[in-house]
Structure formats: C-alpha cells, structure tokens
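For reference, the chains in residue letters:
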Amino acid sequence: MQPSSKQTLIEFLRAKSFRTALDAPSGGGWLLDALGSQVEMDGVDLYADSMPGYRQFWKHDLDNGLPRNCAEYDLVCCCEGLEHVGNPLLLLREFHRVLKPDGLLVVTTPNVWYPAARLQYMLRGFFPSFPPLAGKVVAGTHMHITPWSWPQLYVYFKLAGFSPPQILTEPLSRSKHFHERLLALPGKIYCRRRARQSQNDETRRFWQTAASDASLLGRHLIAVAKKPAAKSSE
Amino acid sequence: MSTQNIYTAVMQLAKAHARRQPLRQHLDVGAGDGQLIELFRRRFQTESSACDYTGQLMKLPGQKVDIVDLNREKLPYPDGVFDVVTATEVVEHLENYRNVLREFSRVLKPGGLCVLTTPNILSLNSRLRFLWFGYANLFGPLPVKNSSLYSTGGHINPVSCFYVAHSLLDAGFTGVTLRVDKFQRSAVPKLLFWFLPIKFFGALARRREISKFKTVDSVNAPFVKAMNSFPLLLGRTIVVAATKL
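Sequence lines, in order, name chains A and B.
To convert a position in the first sequence, counted from 1, into our numbering, add 31.
To convert a position in the second sequence, counted from 1, into our numbering, add 34.
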C-alpha cells in the first residue's frame, strides 16, 4: 500500500471514533502503529504467529473467513487483503458478521480500472500487480488472484449485506499523464450518461461514483461501507 | 447460456478423451434443460447425473436433478465416482470457483475428464470493451437498486483462460487443453489494427515476466503464451478440458 493511501486512510479514521477494531490482514502492523493509542485492536494474518500490541492476534488464512472466536468490532480494516483471497464474498460476509450494527468496513485494494491497467489488459491480458501465477496457490505466498474495480466491489459489498460503499479520494486518484485522462474519457462519458438516465438516487450515486477520478483514474481503491443497523420489527 | 457451438466443442473434447478411457458415469453441473446430458447419452451411452440450482429447467423425461447451491454446499456425491464432469457456462456464476474445481476433482475417478466453458474475457472485443467502458463482454453493471443481484444472467465472476487453467492445475488436474467454441467475425477487422501493438507489447511484457519477475515457468508458460494467441483474441467462449491425476 502506497504511503499516500495510508495517509488518506489514517486521516479518515482519526476523524472518527472507534472503541474496537479488527485489522485483517495485519501485515507489518502499520495500522496499529497509526491508530493504536485510540482503539483496542485485534489482528489476523497468515504470516505471523503473534504480533505485539494487538489485544488478540490470530494466525489464520482469510480464504477460510475469520477465526470463529473473533469479538464484535466498531471498525474492520482489510488493507490489501481482498485481492489475495479466492472467496472474497465469504470474507466480506464474515466482516459483516463480526461488525456491530452501524460498524464500519474499510477495504483497500489495487484498482484495475485506471487507464494504464486497462491498456495493459488490452495488450497483455494481465492487470498490473496481477502477474502470471506460477505453481500452486499456497498459503504463505504473495499472490493477487482477484482483481477489483469500483462496480465489482460495490456488488460484493451489497451481496454481503453492507450499505452502498463510498470511495475515498486520495493523491493516487489523480492522473499522472494527460493521455490517461484521454483514455478514461469514454468511461467517464459512459458512466455520466448512465447517471443521468438513472431512475433512483442509489443508482445515480453508483454511476456518479463510477465516473469519479478515484474510480476511473486511481491506482488504489479505498472503499468504506457501513453495516446497516437491524430494522426494528413492528 | 450454453449454445450449440459450445456443446459441439465439449463433445469433441470428450470424444478425444473417450478414445483413451471409456466414459460411463457423467456428471453435468449446471445441467439446465439437459441438452448436454442427452448428447452424452447418445454418443457414449453414459449414465448421467444432473446438478443445478433448480430442477425446473430440466426437460429430459425422468432425469433427476440434484439441487445444490455451489456457493455454499459441496457436491452431493462420493469421491471418485464419475468418468467425466462437465460444467458449461457455470464458472462465471460462482463466488468461489477454485473451491468448486476442487470438488470436481474430488468426485472424478483418477484419469477422469473435466470440461469447463466460460465467456472468453480475453477476446479482442472483450478487451476493447474493457478498455473503453471497464466491463468484459457478457459482464456488465449488475442492478444496483434491485436486491436480486443475480438476476442479470448472474455473471459475477469474470475469469480469464489463464486463471481457469491455473486453478485446474491447482485443483489436481493435468493435461489442460484450451480451445474456443467459435471465432467472432466482428473481431477480425479490429485485429488488423491491434495485432502489431498486442504482439509487440505482449512480447515485451512476457520478457519482463520471465527475466525480472520470474513468474513464468515450464508449467504455466503455454498458458501465458496462449493469452495473446489468435484463438484467444478471436474466440467467443473458452472451452477448457483437463484430466484428473
């Protein structure tokens, strides 16, 4: 994860208040270092047996969901994890399970919609950061197997029971070169047209977000969604 | 949705396999109306099992359909009972296709044949659609407001031939063969324009994959090479066959 993406995420999280959080996967524990003093944080990762600073830590393969004895959290952060799992919907449903009502899920992942990624896919068939896989997909290896764009994330968040997600704009959402803006233009026009034709607010917001720089030009997606509070039965 | 071209391609692969090993027990996953089962019965005199998310589509008289939600359940069959498993136009509907392929491997006999088909998202038409609009062919924006997200044909999982091949190897298969059901004529004029850039930049990227990233080995090299081949650039649906070790 690029430093600018981390900075954007940390600023967003520091502006809110959380009592408990789950960091899955924990990686090197940078999120704990950044937020540690203000949240009780649990961690999950495939590589480490234990990590100091976390209230509780599990060595666990997220492809199988979350450990069964996870607590309930106000915040779940999945930074650079969703592209590694073969069953992302299971993991998202598990995040939904351990979040408290109105709890927040944050997912960061490489974006395959930015112009250079589209061009590479056109010419090569692979996305950037998704090189050919050699050998077995083994626990403990660093492999990106599930590419994400904003609409794909949106669908999976909804299927897992989350409210419509938003994406955070960050410095990497800006195009580096003019030709990237040109390449993104047909997509922008298409999404904007769909937004104008939308019959309801949710669909309109979806297409407006799809047309945003963060979706069309960003190298990274930082998506945020809430677990809706259960409706009271009357 | 499966077409006659897809069934023909599947049958050709099955015939080639049947020369080496008889096909007696057939499982068709996502059996639909049973057309493929009927073709197998006629050609190979197989005993067929059908498996789908609903039994209402089946038109073959007397054919039982085992109802399974492959996103949550295992196949309801013991280990090593089938000579051939077919799944036409199923992979793109699944949440965890890698796990389902492991299930196919489990229910197949050693040396058994697995044949899969899925939309070819590496065709030139599909690549161009992704370049301009961000969606592969036969994959579009699913309904946003509608809670029934599976309703638009239910294509939620675009998988390229490389990842299908890799997943099959990962699930314990060998002898992975790739082919396509038919060429798209509409892609031919576009190929005249795009052929050189694709070949040139594709070769550069491949060199970097081999020398810098070391992500190409003797096992995956044929599939990496196939990604920019004529059949993959022009084909509509990929048809992949593999044998259980």
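Fair warning: there could be bad hints in the mix.
As the list claims (entries may be wrong) - These stretches of chain B come out as covered by chain A in the derived footprint (C-beta under 8 Å, 3 or more residues):
| id | segment |
| --- | --- |
| 1 | 42–56 |
| 2 | 70–81 |
What the hints assert, rightly or not - Non-contacting residues of chain A with respect to chain B, defined by C-beta distances greater than 10 Å in every case (computed):
| id | residue |
| --- | --- |
| 3 | Pro34 |
| 4 | Leu66 |
| 5 | Glu114 |
| 6 | Asn118 |
Claimed, not checked - Computed, partial: chain A to chain B, Cβ under 10 Å:
| id | residue |
| --- | --- |
| 7 | Met32 |
| 8 | Ala46 |
| 9 | Leu154 |
| 10 | Trp181 |
| 11 | Cys222 |
| 12 | Phe237 |
| 13 | Trp238 |
| 14 | Val255 |
| 15 | Pro259 |
No lab work stands behind these hints, which were simulated from the structure alone.
For clarity, every value in this text was computed on a predicted model and none was experimentally measured.
Yeah, the Cβ is synthetic: ideal placement off N, Cα and C, and Gly gets one too.
Hint check results:
1. For the segment 42–56 of chain B, the stated coverage by chain A is violated: 0 residues have a C-beta nearer than 8 Å to a C-beta of that chain, whereas at least 3 were required.
2. Counting residues of the segment 70–81 of chain B whose C-beta lies closer than 8 Å to any C-beta of chain A gives 0; at least three are required, and the coverage claim is violated.
3. In this structure Pro34 of chain A is separated from chain B by more than 10 Å, as the shortest Cβ-Cβ distance comes to about 23 Å.
4. With a cut of 10 Å on Cβ distances, Leu66 of chain A stays outside the contact zone with chain B, its closest approach being about 31 Å.
5. The beta carbon of Glu114 of chain A sits about 13 Å from the closest Cβ of chain B, which is more than 10 Å, so the claim that it is off the interface holds.
6. The non-interface label for Asn118 of chain A is inconsistent with chain B: the shortest C-beta to C-beta separation is roughly 4 Å, within 10 Å.
7. Against a cut-off of 10 Å between C-beta atoms, the interface hint on Met32 of chain A is violated, since the closest Cβ of chain B lies about 20 Å away.
8. Violation of the interface hint for Ala46 of chain A is found here, the shortest Cβ-Cβ separation to chain B being roughly 28 Å, above the 10 Å cut-off.
9. Checking Leu154 of chain A against chain B: minimum C-beta separation of about 4 Å stays under 10 Å; hint holds.
10. With a cut of 10 Å, the hint placing Trp181 of chain A at the interface with chain B holds, because the nearest CB-to-CB distance is about 9 Å.
11. Of the supplied interface hints, the one on Cys222 of chain A holds, with its beta-carbon coming within about 8 Å of a beta-carbon of chain B, less than 10 Å.
12. Because the smallest distance between the Cβ of Phe237 of chain A and any Cβ of chain B comes to about 4 Å, under 10 Å, the interface hint for this residue holds.
13. This hint holds: Trp238 of chain A has a C-beta 8 Å from the nearest C-beta of chain B, less than the 10 Å allowed.
14. This hint is violated: Val255 of chain A has a C-beta 17 Å from the nearest C-beta of chain B, more than the 10 Å allowed.
15. For Pro259 of chain A, the interface hint is violated, since its Cβ never comes within 10 Å of a Cβ in chain B; the closest pair sits about 13 Å apart.
Hint compliance for this structure: hints 1, 2, 6, 7, 8, 14 and 15 are broken, all remaining hints hold.
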